[in-house]
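Asks: Since the structure of chain A is provided, determine the placement of chain B on it from the hints.
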Amino acid sequence: MAQISREEVQHLAHLARLELTDEETAHYAEQLSAIVDAVARVSDVAAQDIPPTSHPIPVTNVFREDVAKPGLPRDEVAAAAPSWEDDRFKVPRILGED
Amino acid sequence: MAPVMDGDLVRQDAATLASAMQAGEVSSAEITQACLDRIDAVDGEVHAFLYVDKDAALASARVVDEQRASCAQLGPLAGVPLALKDVLTMRGVPTTCGSRILEGWRPPYDSTVVERLREAGVVILGKTNMDEFAMGSSTEHSAYGPTRNPWDLERIPGGSGGGSAAALAAFEAPLAIGTDTGGSIRQPAAVTGTVGVKPTYGGVSRYGLVALASSLDQAGPCARTVMDAALLHQAIAGHDPRDSTSINAPVPDVVAAARNADIRGMKIGLVRELGGEGYQDGVRQRFDEAVTVLTDLGAEVVEVSCPNFEYALAAYYLILPSEASSNLARFDGMRYGLRVGDDDQASVEEVMSQTREAGFGAEVKRRIMLGTYALSSGYYDAYYGQAQKVRTLISRDFAAAFDQADVLISPTAPTTAFRIGEKVDDPLAMYLNDIATIPVNLAGNCAMSVPIGLAPEDGLPVGLQIMAPALADDRLYRAGSALEQALVDKWGHELIEEVPAL
Numbered sequence: 001m002a003q004i005s006r007e008e009v010q011h012l013a014h015l016a017r018l019e020l021t022d023e024e025t026a027h028y029a030e031q032l033s034a035i036v037d038a039v040a041r042v043s044d045v046a047a048q049d050i051p052p053t054s055h056p057i058p059v060t061n062v063f064r065e066d067v068a069k070p071g072l073p074r075d076e077v078a079a080a081a082p083s084w085e086d087d088r089f090k091v092p093r094i095l096g097e098d
Numbered sequence: 099m100a101p102v103m104d105g106d107l108v109r110q111d112a113a114t115l116a117s118a119m120q121a122g123e124v125s126s127a128e129i130t131q132a133c134l135d136r137i138d139a140v141d142g143e144v145h146a147f148l149y150v151d152k153d154a155a156l157a158s159a160r161v162v163d164e165q166r167a168s169c170a171q172l173g174p175l176a177g178v179p180l181a182l183k184d185v186l187t188m189r190g191v192p193t194t195c196g197s198r199i200l201e202g203w204r205p206p207y208d209s210t211v212v213e214r215l216r217e218a219g220v221v222i223l224g225k226t227n228m229d230e231f232a233m234g235s236s237t238e239h240s241a242y243g244p245t246r247n248p249w250d251l252e253r254i255p256g257g258s259g260g261g262s263a264a265a266l267a268a269f270e271a272p273l274a275i276g277t278d279t280g281g282s283i284r285q286p287a288a289v290t291g292t293v294g295v296k297p298t299y300g301g302v303s304r305y306g307l308v309a310l311a312s313s314l315d316q317a318g319p320c321a322r323t324v325m326d327a328a329l330l331h332q333a334i335a336g337h338d339p340r341d342s343t344s345i346n347a348p349v350p351d352v353v354a355a356a357r358n359a360d361i362r363g364m365k366i367g368l369v370r371e372l373g374g375e376g377y378q379d380g381v382r383q384r385f386d387e388a389v390t391v392l393t394d395l396g397a398e399v400v401e402v403s404c405p406n407f408e409y410a411l412a413a414y415y416l417i418l419p420s421e422a423s424s425n426l427a428r429f430d431g432m433r434y435g436l437r438v439g440d441d442d443q444a445s446v447e448e449v450m451s452q453t454r455e456a457g458f459g460a461e462v463k464r465r466i467m468l469g470t471y472a473l474s475s476g477y478y479d480a481y482y483g484q485a486q487k488v489r490t491l492i493s494r495d496f497a498a499a500f501d502q503a504d505v506l507i508s509p510t511a512p513t514t515a516f517r518i519g520e521k522v523d524d525p526l527a528m529y530l531n532d533i534a535t536i537p538v539n540l541a542g543n544c545a546m547s548v549p550i551g552l553a554p555e556d557g558l559p560v561g562l563q564i565m566a567p568a569l570a571d572d573r574l575y576r577a578g579s580a581l582e583q584a585l586v587d588k589w590g591h592e593l594i595e596e597v598p599a600l
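Going down the list, the sequences are from chains A and B. Per the numbering used here, residue 1 is the first one in the first sequence, and the count goes up by one each step. Per the numbering used here, residue 99 is the first one in the second sequence, and the count goes up by one each step.
Derived from the structure by calculation, the hints contain no laboratory data. Given the structure is predicted, the values throughout are model-derived calculations rather than measurements. Don't take every hint at face value.
[Claimed, not checked] Beta-carbon label-pair distances, calculated as ranges: (1) B/Arg494 x A/Arg93: 50 to 58 angstroms; (2) B/Ala456 x A/Asp66: 37 to 45 angstroms; (3) A/Thr21 x B/Ser445: 40 to 48 angstroms; (4) B/Arg494 x A/Ala78: 25 to 33 angstroms; (5) B/Asp394 x A/Ala38: 46 to 54 angstroms; (6) A/Thr21 x B/Arg216: 30 to 38 angstroms; (7) A/Pro58 x B/Trp589: 38 to 46 angstroms; (8) B/Pro554 x A/Glu7: 28 to 36 angstroms; (9) B/Arg494 x A/Ala38: 19 to 27 angstroms; (10) A/Glu7 x B/Pro405: 53 to 61 angstroms; (11) A/Ser54 x B/Pro101: 51 to 59 angstroms; (12) B/Ala167 x A/Lys69: 33 to 41 angstroms.
[Unchecked claim] One-sided and incomplete, this derived list gives chain A residues near chain B with beta-carbon spacing under 10 angstroms: (13) Thr21; (14) Val39; (15) Ile50; (16) His55; (17) Ala81; (18) Ile94.
The beta carbon of each residue, even a glycine, is placed where N, CA and C say it ideally should be.
Excised from the complex, chain A in its bound form:
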């Protein structure tokens, strides 16, 4: 039985940028453990020498003509942005205090 602890859930949540509540953390610890248990069966084929498939219909070297095209309409992009200033996306501070 896989055991995913609350600390581990908190760590995963941090990696995934989710600020979970304590209640959610406890609930997910239980559910994720059960799900991981159920999906661990994929290891039953572990010993076999099988190439992995990342893509069902493999296509390689997909090119198209390098033609300049207009980008997205700026006014509509701006209208959809949570914050916009001086013709740019405005974001919260990205550096620490010091």
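Replies: Here is chain B on its own, set in the frame of chain A:
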């Protein structure tokens, strides 16, 4: 000459409506108005739609009517209304993916599917409800409340495309678009008595389809008849340079195949692993009866074995969350959608975490964390790496089965529609709904669900799944159409006519 149509406009299929418009019996504006009226009358109960744009729909209907009046060359579906799953972008029209994080977002561009629908003259009525970011099998995981199954309003319409399927079954629209990552077109079709097709991966462009799992996602047609699905399939399919996974090959002639409907001599493989234990009695009964119908039509039914299908669900619930956790990283509250906690003090990281915590629902968070776990160092080989090997084994099983049969069949879903609330916080029980549909997504080939009757124990629809090799989508339509015609002859009407009045 007898009129093309007989009876209520909203109950007609798309092909009949198109013929009636060509014959001058009815205009697109009248049909569109009838659908809008129907939505007004029943969608309060059904909740198939998240957004309806009456004025835009009527305006595009009038454009088609004017073009027809001026003898312009129009496509076969010109003027027919359609319900669009809210996971495809449509310029200027709210696209939420069933999530709070995109509430109010109006995309600045059209998806290729929408672009092709516009070119075909199809009238888009609005956007349909879905499980948040297509994660679910019941549409209960929508942030905007569940959609109800028109066959029984206490039950789920399937998912994630429950809104699209319910819109068809409630006679709100004759056509709909769905997307299928693990069964989200086929399972809703099965539980609502409608037709749904997952085309070959790469058959329909994913440009403008908000990604759940990029190696699995595929948009496709939803309709009340196999022919209507074929007409819609033809309208949206084909190569698109904006999607690098789009297949650069001609689209199989699915309309001709639906018209042909001849399965004499066709070899049909019954997949041993998709049936039996875990499948509801009435589902098995109707499935067995349908197999007899197929045999009577001249098909040769053989049993095939796909031993690795038993690992499909496990592989899927590693591959899908892994891809989803990566795809959904784009919802960071910086460029579009919700932003929470931006008080000029909080850091970008804090704002992102608060935004995602507030904007995502329980199932989305669950899968993002599962994917993050499966991809993290130390677990990657054991989980994601192994799942990719299983994917190879499943493709090999299909290849071997298609050496013995032209198409494969199974029940689409193990049960009929379950009650709203029954499985909403039991992820493992919910995931089992897709046990028969998932192998096709992993291998990238195509499949269809067709209605085959009502389960005797609960009077709810049952679907049969037909699976074909990649790029052989026409076989689905040939077999599906043959089965549909035989069943309609047997019943004396289409199954959908038995939906209780709303």
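Asks: Decide, hint by hint, whether the structure agrees.
Replies: Outcome of the hint check:
no. : hint                                   : result
1   : B/Arg494 x A/Arg93: 50 to 58 angstroms : 52 angstroms, holds
2   : B/Ala456 x A/Asp66: 37 to 45 angstroms : 41 angstroms, holds
3   : A/Thr21 x B/Ser445: 40 to 48 angstroms : 20 angstroms, violated
4   : B/Arg494 x A/Ala78: 25 to 33 angstroms : 50 angstroms, violated
5   : B/Asp394 x A/Ala38: 46 to 54 angstroms : 40 angstroms, violated
6   : A/Thr21 x B/Arg216: 30 to 38 angstroms : 44 angstroms, violated
7   : A/Pro58 x B/Trp589: 38 to 46 angstroms : 44 angstroms, holds
8   : B/Pro554 x A/Glu7: 28 to 36 angstroms  : 51 angstroms, violated
9   : B/Arg494 x A/Ala38: 19 to 27 angstroms : 23 angstroms, holds
10  : A/Glu7 x B/Pro405: 53 to 61 angstroms  : 39 angstroms, violated
11  : A/Ser54 x B/Pro101: 51 to 59 angstroms : 54 angstroms, holds
12  : B/Ala167 x A/Lys69: 33 to 41 angstroms : 35 angstroms, holds
13  : Thr21                                  : 8 angstroms, holds
14  : Val39                                  : 4 angstroms, holds
15  : Ile50                                  : 4 angstroms, holds
16  : His55                                  : 5 angstroms, holds
17  : Ala81                                  : 6 angstroms, holds
18  : Ile94                                  : 5 angstroms, holds
Violated hints, listed in ascending order, are 3, 4, 5, 6, 8, 10; each of the other numbered hints is respected by the structure.
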